[in-house]
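Kindly produce the complete structure, drawing on both the sequences and the hints.
Protein chains in written order, with the working numbering: chain A, 1 to 502; chain B, 503 to 879; chain C, 880 to 1056.
Among these hints, one or two may not hold up.
The calculated lysine-lysine pairs, modelled on DSS-like cross-linking and capped at a C-alpha distance of 30 angstroms, are [what the hints assert, rightly or not]:
no., chain 1, residue 1, chain 2, residue 2
1, A, Lys466, C, Lys994
2, A, Lys466, C, Lys1024
3, C, Lys994, B, Lys570
4, C, Lys1050, A, Lys377
5, A, Lys7, C, Lys1050
Source of the hints: derived by calculation from the structure; they are not laboratory data.
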Amino acid sequence: MKLFRIKGGVHPDGNKGRTAHAAIEDLPLPALLHIPLQQHIGSPAAPVVRRGDQVLKGQLLAHSQGMISAPVHAPTSGRIVGVGNYPAHHPSGLSVHTITLQPDGADNWGEGEPPRTDPFTLAPEEIATRVAAAGIVGMGGATFPSAVKLNLRTRYSLDTLVINGAECEPYLTCDDRLMREQGVAVIDGIRIMAYALGVGRIVIGIENNKPEAQAAMRAAAKEFPEIEVAGLPARYPMGSEKHLVQTLTGVETPARGLTADIGVVVHNVATAYAVHDALRYGRPLLSRVVTVSGGAVRLPKNLRVLIGTPVEDLISYCGGLSESPARLISGGPMMGQPLPGTRVPVIKGSNGVLALTEREAANEESMPCIRCASCVKACPCGLVPLEMANYIRSGDLEGAVGYGLMDCISCGSCAFVCPSNIRLVQFFNYAKGELTARQRAEHQQNETRRLAEARTIRLERQEQAKREAMARRKKAQAEAKKAKEQAEKARDAAQQSVRTGS
Amino acid sequence: MMTQAPVSGPHAHGAISLRRTMLLVMLALLPATLFGVYIYGWPALNLLVVTIASCLIVEAACLSIAGKPVGIYLMDGSAILTGWLLAMTLPPWAPWWIGVVGAVIAIGLGKQVFGGIGQNLFNPAMVARVALLIAFPLEMTTFVAPKPLFTDSAPDFMQGLAITFGHGLQVDAVSSATTLGYVKTELGRNTPLDAALAQVFDFFNGFSGFMAGSLGETSAVLVLLGGLFLLYRRIISWHIPVAMIGSIMLLAGLFHTLSPEHYAGPLMHLLSGATLLGAFFIATDLVTSPVTARGQIVFGAGCGILVYIIRTWANYPEGVAFAVMLMNALTPLIDHYVRPRVYGRDRRGQPLVYETAAKDQVAKEPISGQRATEASK
Amino acid sequence: MFAALMSLMALGLALGVLLGVAARVFKVEGNPLEAEIEAMLPGSQCGQCGFPGCAPAASAVANGKAPVTLCPPGGRTLAQSLANKLGVTVDLSGVEDQAPTYAHIREGLCIGCTKCFKRCPTDAIMGAHEQIHVVFRDACTGCEKCFEVCPTECIEMRPVEATAQTWYWSKPMEASS
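Here is the structure:
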């Protein structure tokens, strides 16, 4: 099929050879599972279990709250040993609300699995409801609740479902292996999603460095003519939703808009697999495939892991660390976040755990900017990273916004090519965070002002009420006094008349 | 838990670094430099060494005055490159103090005073050359005919030292005019152009470089090779060289066609003077040229037009240094107005709008391709 | 020479008259800057700046009698915005971004004296005479007015914790800057 060019982008070393040929292995049950209540974009889930409860595999642990949220289920049967704070899968090192579950080893579903239904006999809205109930979120790392995306058909006119099998980040091979080993299941999930969305055209985008995955998906989709498998050039960031859609259709998503604005919805292959599990077998999202790789890992592998498994269990299953890693990263090296330690659990969006050596991590001192404009050439969004960084460095965040800061997808292409090793992405993430914090502070100030004014009004009203009460009392007193005087006068007059009367 | 602040991504990097960039440019300059040393002999080498050494010393002094770490900045190669480029544009038999004063102006005034590497507004080598040209016109316009090393007419090592460090050039004895200089004087004397050119310009000499000129600018073929090497390694992009050379040749061709006796043709303009050196090495200086492709084309075209104007109608025979400095002054303006188009937005910065089927319309069946799409640029 | 003298004098007079007329016609009443600055201040009338409320503080800042760094709850953001408004430069190094705090009443020690309740500028404390008081965290600005008057010292100021949702990357340190 015809492909279109995207501008910018970079060619990092793939480094996928270490795990591309490693079949997915199931990680054995860990000793403890820590399941955070927020593993998705939106409001955190609210727990429905308490410490001491016994739960079965797949049982609801926390239900979703609000329009954009997702529930959380027990990955295996066991006992709840705690509902509290635990270190988050987040670079800050802060803690989040987490349910800790101690597996009993039985891996018990309960009264057997629910009866299998043919999803294509259900109404499309019912499919979205079941996907929501299964707690499925975007498994490519974005973790946006998938049911909300499936319901976009009610507000946008859609015609294409694009499946993101690009996996453009170096080292990661989890989607690659999933497509190769579970091609039929993935295609089934894709068709269910297309049915839910009401679209007639499906395109699966897979980078050309994964020929076996392309072949596997083509074979599985042979009998479905509406599904096309497109071979994408291996270029980072091909997996970025907007750039993927542009490559396949030639149409640019409008700024601050969704791909649905141009009739396209994008889902990840692992999400499709989870939808298949949920709709065919009634199983909620309990596990995912994670690539464990990097120069410091002894035996890199692709593992199927229960949600909530501590990262240290994955690493020790892979032979442990051969040296102290320079970086411990969740995800890929380009957009991945550093992890504060190995105690943190795997969450729904973790597609990779990388332990990088000093040499792989590229940790040089930054030098001054020489305005070489390599970053301008590399930026896939048409921004001018060096100017934005200049503005942010001197504290003018509004100026940076003027150069397009809010359109930056933080892909890291600019920092990848910078000869001076300037931490461009950190500048942009700092600026975005600072602007959000200022907005929050401003909102807070407005609230404070409103409350202070409300208080002033309340006090004034009290004063007013007091004055009125005082005035009324005075008036009443005056009247009473007058009445008393009149009464006395009358009495005097009466006495007088009695004395002088006959 | 966390004992130190988290390190931000990306955690991978391409193979390029600051020092590597500078080294590649020096590599590209090497053939033309070696040729220059060959045809002009030991004095040229002395001047090159003195200029580069002075640049390093001045840079070290400025850095320590500014309180910056001297070692890191000295080793990034930018001072050496500035000195090298400056020496390439100096008359090869110029006395040593030209090199030293040039270094002080280039590094001190042209770079460090603005804030160091990456902060300068004007190309440092050109600042120095222009200042030297205006302050010491005699020394800066005294050129020699080629005297290849190891031939009889060339000065030996001791004589070379005497020329550079001693009493300087004996003007009457050995000086020779450059092509452009000679042509300008002759045109001023109303000699027809072809007669004048016949005396000094020969295609082979122009192309290979066996003629009078600055240290490194004479050999068109070697400079061109160096420039193409830089393009290949993606240190520079094609926009500035093509725009600059293109505009010079266009204007030259135009005027030459209109009046061949008064205006030199495009080939002469291309092969003489510092056209190629300027187009590939001087105008493309990363710090002082625009950051966008379209901006670079505007910049290159401006340089070319100015070079032609200065060469043809102004008092100086060579205009590359002035042209580049004038366009450097315009670079911030170009960068302000010429910006790339942001993804998802139109030229004016507004989000793209498509004529799609109306939103808020429940789709009863898949709507296929019924939309007018705006072609992506 | 006489002509030159006369013409310059006439020019000077004419321009002077023009300036005088402009000064009358384009005169601006009051100082609109004050109102704009007051709108930028938090408005909680907490008094930490030393002025009895945000309006007098705004007036002082507008007239240059108080520095733009006067408002602790506003922090660096506010100081910078005020500096931008007035067109001055400000040295932010001395301004600490006070870690935002909120008041918390330890209910075991509260005697229901209502002193704190009456002082709170945003009505963030709920309570009545001889009833235990409680602070609404969202409405508390950390101005510490309640903290100062509580007779049993049952109020403590707690730092507002950063959460994983509010955390963001810090500005990169560059060795070369």
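Outcome of the hint check:
1. Lys466(A) x Lys994(C): Measuring from Cα to Cα gives roughly 20 angstroms; hence the hint holds.
2. Lys466(A) x Lys1024(C): Within the cut-off at roughly 26 angstroms; holds.
3. Lys994(C) x Lys570(B): Given pair Lys994(C), Lys570(B) is violated - Cα atoms ~58 angstroms apart, limit 30 angstroms.
4. Lys1050(C) x Lys377(A): Cα-Cα ~24 angstroms, so holds.
5. Lys7(A) x Lys1050(C): 29 angstroms, holds
Violated hints amount to a single one, hint 3; each of the other numbered hints is respected by the structure.
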